[in-house]
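J.: Residue-level listing of the chains:
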Amino acid sequence: MTVSPDARGVDVNAPVPPDDESTTTTGLPSLSTQANTLTTGPVEPESPELRAAQRARLRRRLFGSTPLLMAGVLILIFLVFTVAHPGTFPAFGNVRNMIDDTSLYLIMGVGFTFVMIAAGFDLSQGSVLVFGQVIAAKVMVAVGGQGGWTVAVGFVAAILGGAVWGVFNGLVITRLRVPPLITTLGSLGAALGVANLLTQGQDNTPTPAALTTLSAQLPWGMSWRVWVALLVAVVAGLYLHLTRFGRRTFVIGSNEEAARRSGINVKRHVVKLYVISAALAGLAGMMALINNTTTTVGGHSTDSLTVVTGVALGGVSLFGGSGLMVGTVIGMFVPTVLSNGLISIHVQPFWQQVATGFILVLAVYLDQFKRRRRDRV
Amino acid sequence: MTALLEAHGIYKNYGHVEVLRGVDFDVRAGEVVSLIGDNGAGKSTLVKILSGVMPPDRGELRLRGEPVQFESPLHARELGIETVYQDLALAPDLGPAENAYVGREILKPGLLGWLGVIDKKTMREKAREAFVSMGTDVKDMDAPVAALSGGQRQSVAICRSVMWAKGLVFMDEPTAALGVRQTRKVLDMIRRVADQGVAVVLISHNMPDVLQVSDRIQVLRLGRRVVEYGRGEADVERLVGAMTGALDTVR
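Here the protein sequences come in this chain order: A and B. Each step along the first sequence adds one to the number in the UniProt record's numbering, with nothing skipped, and position 208 is 208. Each step along the second sequence adds one to the number in the UniProt record's numbering, with nothing skipped, and position 204 is 204.
Just chain A, same shape as in the assembly (with noise of 0.2 angstroms):
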């Protein structure tokens, strides 16, 4: 499709500005959040300005930052229920499960991170979790056998069956303009149904023994699906922060128009998004059938909302344009530690399921207030 050249795109930034130029930086705490940590630019001790503009950056980093606010808060979390319940929430036993519970989220999340910063929603994990625990197990029963190899192939077969939902999903909205929420809730259902379909509603489908072993496991101190969710969010992380994909990523998010105009092929590379987002996804059913030994058809219809909790707590942009992996890794904890220590203190979790949801609200207020403090006009 061609672009005019007046024409007027959507663009919250466009109109009249201010007349004031005598400040570049403003001190405010901005949603800065490109990954240019690791360089600070050239040391010219003898340019003033140019030090200023460090500094701000500097500030920017430390205070305009969403994850180490979020950071901070679960820091406080995990205090009060020590100080409440000094006994069994802070020991290493209970830490373990909720790292455990969380990794499976972050799994998802990661994926979902992906696709909120190019302005993007994906609601259909859960259910293409299932779908690709269940492509796995039927895959490993095809192939036979108990061990290694066959969980390997299981493996495979989840991401893949996986990612087909992410073409879909890719496709629908690139091609037909369905809006994301739309077609992923149109997978949601869609993906879940074809699950129930091929397994009849039942979790029976039987599965390796090494399964099994891989389960019981626990290399250094954690279980095998902390270590995978771990290794995920650090490579993609690095990918989302450090590359050209990860940057254009944010240019879709940022300005959909101004990353086309400037050639990048904004279909495709959203394509992309969706099918990382949805092989994520059913690397996680692989994950949750490691857990349960059994695939679980029926225990995933909320896991979206946790996981866009979790994203958005971690100071993901809803709007696209900014976020942070690191933010999405520690967003993440802030459901789960709720819970176990609202558990751990006899509350009924119910509570916990309150507290998540404002929090949520609050997250996201406090996204929009920086915005509008950010942006000048």
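Calculated from the structure, these hints are not laboratory results. Don't take every hint at face value.
[Said to hold, decoys possible] Beta-carbon label-pair distances, calculated as ranges:
| id | chain 1 | residue 1 | chain 2 | residue 2 | range |
| --- | --- | --- | --- | --- | --- |
| 1 | A | G298 | B | L74 | 45 to 51 angstroms |
| 2 | B | G40 | A | F358 | 52 to 58 angstroms |
| 3 | A | R372 | B | E78 | 37 to 43 angstroms |
From the three backbone atoms N, C-alpha and C, an ideal C-beta is built for every residue, glycine too.
Could you slot chain B onto chain A? The hints should help.
T.: Chain B in isolation, oriented as in the chain A frame:
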């Protein structure tokens, strides 16, 4: 001196509406040419044709003396023709340096580059150099563009285009949303850009701006170039007269 980009006898119809009826246009390196005309005169259609957004129905385009056909805006860009859009097309969450390199990211050398790792430091340095050479007052290469003033955003968009233009920059209403002081800065910058040898085509409704910055002014009316003024030959009255047809005298 031959024209950098010239158009001869360009025709364009939208259905039965004849928008361009044999327009001529030319711009040389290092000069600012303003293209003005009333709404419907065919300005934006002409610019779309000149910047590769759409092909003409009839007529010839020549780039550096050679006949040329633009297949797309990207193709025109590859040939060194950049456009500063009225809405600027900046990513508000990204900094000036990042915006300058959107779609043209510099990769690190070696294995990291092969993996797609971008060289942020080099991009920031180069962008800063370019911005300083064009005399912008944008200092922080990383602050989100959304946090800049309108004039600064405009200068980021202009600098980006000039960084990449190998000859010609179209600017669509670059001062439309600016205050007096910022307008002056942007006009100064347009002048500096032209002085560096880049051809600038300015599309504007603002007569005083046009008169102040242009080397030549080409007036379109009803799909034709009706008159062309050199520096100092025009005033607001004449321009308005030529645009509206009240002054139908071709000198």
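J.: A separate judgement is required for each hint: does it hold in the structure or not?
T.: Do the hints match the structure? See the list:
1. A:G298 / B:L74: 45 to 51 angstroms: Holds - the Cβ-Cβ distance for A:G298 and B:L74, about 50 angstroms, lies within 45 to 51 angstroms.
2. B:G40 / A:F358: 52 to 58 angstroms: The hint (52 to 58 angstroms, Cβ to Cβ) holds, given that B:G40 and A:F358 are roughly 55 angstroms apart.
3. A:R372 / B:E78: 37 to 43 angstroms: holds (39 angstroms)
The structure is consistent with each of the numbered hints, conforming to all of them.
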